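Protein chains in written order, with this note's numbering: chain A, 5 to 479; chain B, 79 to 184.
Just so you know, these hints were derived from the structure itself, not from any lab. Because the structure is a prediction, the values reported are computed rather than measured. The C-beta atom is built at its ideal place from N, Cα and C for all residues, glycine as well. Warning: the hint list may mix true and false statements.
[As the list claims (entries may be wrong)] Below 35 Å or equal to it, Euclidean Cα-Cα: the simulated DSBU-like pairs (lysine-lysine) are:
(1) A:283 x B:147
(2) B:147 x A:228
(3) B:139 x A:283
(4) B:139 x A:37
(5) A:228 x B:113
(6) A:267 x B:113
[What the hints assert, rightly or not] Pair by pair, the computed Cβ-Cβ distance ranges are:
(7) B:99 x A:382: 21 to 31 Å
(8) A:40 x B:101: 29 to 39 Å
(9) A:473 x B:92: 58 to 68 Å
[Stated by the list, open to error] Which stretches of chain B does chain A cover? Using the computed rule of at least three CB atoms under 8 Å from a CB of chain A, they are:
(10) 89-98
(11) 101-111
(12) 117-124
Residue strings, one per chain:
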Amino acid sequence: MKRRKAGPSGVVEAPLDVRTQALAKEEERPSVKDGRLRTYEPGDNAARFLDLLGRRVSRSLAVSLTACVHCGLCAESCHYFLARPDDPTMTPVWKADQIRKIFKRHVDWTGRIAPWWVKAGTVRNDEDLNRLKNIVFGTCSACRRCTYNCPMGVDTGLLVRFTRGLLTELGIVPEGVFNVSRDQWETGNQMAVTEQDYLETLEWMRDEVRTELGTNAVDIPVDKKGCDVLYTINPREIKFDPRSIAHAAKIFHVAGESWTLPKWGWDQTNFGLFSGDDKLGAYVARNVYEAAERLRVKRIVISECGHGYRSTRWEGYTWAGYDQKLPTESVVVTLKRYLETGRIAVEPSRNAVAVTFHDSCNIARSGDLVEEPRDVLRRVCADFREMFPNRRENFCCTGGGGLLSMAEYRPLRLEVAKIKADQLRATGAMLVCTMCHNCIDGLADVIKHYRLPMRVVQVMELVSNALVVPAESVK
Amino acid sequence: MPHIEIEGLRIEVNEEGFLVHPDEWTEETARLLAKAEENLDELTAEHWAVVNFIRGYYLEKNLAPMVRKMCQATGFPLMKIYDLFPSGPAKGACKVAGLPKPDGCV
Numbered sequence: 005m006k007r008r009k010a011g012p013s014g015v016v017e018a019p020l021d022v023r024t025q026a027l028a029k030e031e032e033r034p035s036v037k038d039g040r041l042r043t044y045e046p047g048d049n050a051a052r053f054l055d056l057l058g059r060r061v062s063r064s065l066a067v068s069l070t071a072c073v074h075c076g077l078c079a080e081s082c083h084y085f086l087a088r089p090d091d092p093t094m095t096p097v098w099k100a101d102q103i104r105k106i107f108k109r110h111v112d113w114t115g116r117i118a119p120w121w122v123k124a125g126t127v128r129n130d131e132d133l134n135r136l137k138n139i140v141f142g143t144c145s146a147c148r149r150c151t152y153n154c155p156m157g158v159d160t161g162l163l164v165r166f167t168r169g170l171l172t173e174l175g176i177v178p179e180g181v182f183n184v185s186r187d188q189w190e191t192g193n194q195m196a197v198t199e200q201d202y203l204e205t206l207e208w209m210r211d212e213v214r215t216e217l218g219t220n221a222v223d224i225p226v227d228k229k230g231c232d233v234l235y236t237i238n239p240r241e242i243k244f245d246p247r248s249i250a251h252a253a254k255i256f257h258v259a260g261e262s263w264t265l266p267k268w269g270w271d272q273t274n275f276g277l278f279s280g281d282d283k284l285g286a287y288v289a290r291n292v293y294e295a296a297e298r299l300r301v302k303r304i305v306i307s308e309c310g311h312g313y314r315s316t317r318w319e320g321y322t323w324a325g326y327d328q329k330l331p332t333e334s335v336v337v338t339l340k341r342y343l344e345t346g347r348i349a350v351e352p353s354r355n356a357v358a359v360t361f362h363d364s365c366n367i368a369r370s371g372d373l374v375e376e377p378r379d380v381l382r383r384v385c386a387d388f389r390e391m392f393p394n395r396r397e398n399f400c401c402t403g404g405g406g407l408l409s410m411a412e413y414r415p416l417r418l419e420v421a422k423i424k425a426d427q428l429r430a431t432g433a434m435l436v437c438t439m440c441h442n443c444i445d446g447l448a449d450v451i452k453h454y455r456l457p458m459r460v461v462q463v464m465e466l467v468s469n470a471l472v473v474p475a476e477s478v479k
Numbered sequence: 079m080p081h082i083e084i085e086g087l088r089i090e091v092n093e094e095g096f097l098v099h100p101d102e103w104t105e106e107t108a109r110l111l112a113k114a115e116e117n118l119d120e121l122t123a124e125h126w127a128v129v130n131f132i133r134g135y136y137l138e139k140n141l142a143p144m145v146r147k148m149c150q151a152t153g154f155p156l157m158k159i160y161d162l163f164p165s166g167p168a169k170g171a172c173k174v175a176g177l178p179k180p181d182g183c184v
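Just chain B, with the same shape it has in the complex:
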């Protein structure tokens, strides 16, 4: 199984770097995913605003939110999401929030 090993912790991820067990997500996991996949040394309050919203939406609806919803909930303009997560809303933000890979052309 592919995995991320960082600071002594081991996280199982799929071939695309998304969590294998999305329910095992913790804030610590988010930090490690952000480091390994997005090269972010730390998650700021702005990162957390996006991540927590995505996480909550996913737990409620079992679905990745549209980027429209992310911006509505956080009040950030669209470009801000790309500034915060270089790989974008799907492969960046959703990954850090511990979601499985969204289906389709992404």
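Here chain A stands alone, though its shape is the one from the complex:
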């Protein structure tokens, strides 16, 4: 089987595909009709882009736009450059410079006085904007490893997201990003799952766990008021992989947790993080926060999802301008508490094979959740081993930043995944555990492409495997 190999310019020249945008307009889809989601209109987009740029630059962005001294340290931290060391366009600094030069030319005073000196530049037309789109969406997984390693504190991840946001406002986005944003705006969840399908799948999983444990005491409550925990999930769990919901139900049952899922506001994922659209980010996050308030819960718990965790736990409150009143945590933190306080007991020998842990970018580097998953894994696995580098220095699964939903950039993504494949292979583990749905698919792609003898699992699956079900739980 032959796959196209991306040349240095292959990705950068990817055309703008507006077929689904045109269809959405033709069908008068609500999000497009009322202007929440912008579609591409040929015309003077360069001028509109420059106008938006001038109005949107914040203080923190200005720092990242001006503080770079071009030392080149970021190059060594980027898996794109490490896999293509002869291609300078793969360095984070080059990618950031594509927006930086426009800022210098049109906003910063240095570029107006001495444009040649500060290498100022501009965008002239839609072709330039499309090229910019391919750079910020297609050659960066927004993993922020370069940000973490920058001695000047330049947040290239922030610059990339900012640029994505400006382009999103002009409809100059990859088709996959448009489609998912459309569904999330219109249905409140990124996979357009209907309420009926949602409820049916939950009932189905409840029945599966009842059969497994042999007791009808197991429940998956929906919209129950006054619980301790509001559990929010990734639509992927409903649509294609509900095993994780069954694991959660089983563990919550044994732990005696008072929990519920909301009927609305259950999607903790957020494509606003990937597209750079703060309004979408605010809308989706607010749905979750309002569900928690409506149901008067004591805590919001987020299922294993990297960008969902970052969006709901950290960024969402800012996007939505929402006063955080409740603790918001990853389910892995909840599991850690159960294990430490003895609410659940585990038998690690049931997970006998070697397990390594992949830190999700949005959870470790951008979410500061580093030791908690390790504390859990050390208790539930007999052979836990680190991969190197790890923790905040781990490499991206290569599917981050929404790249999984952008098929056009996949050849380059898999080419640079060589770094990840080498890192995985060196562990000698048979299972790679991650607490992110995006990483599951990203890593599964790497494993398949590089023919690695391993499988991806989530923390919840390993805990569920090792869980000792006491007799009183199945009465």
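Dock chain B against the given chain A, drawing on the hints supplied.
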């Protein structure tokens, strides 16, 4: 264009191995996709039960069915779908049934 070439037949697929022209799907295509993408040497009656259901659902609703619907229609438990299609319902079963790649975190 990326493509699969197997047993003298050429099928155009996108970068993720999904059919470029979902309407050009035939049973022969399914067999070749299963071989190339899922490493399945043959499709059993159980595989076909899943594939035919997905195909019919897609033609009717222009949408990939949820895994719940796949299990309801075929009577298989959830784990059976993963046994049949190692890449799972979305990247395995839907791909073999000739659907375009589902949107979102998959």
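Check the structure against each numbered hint from earlier and tell me which ones fail, lowest number first.
5, 6, 7, 9, 11 and 12
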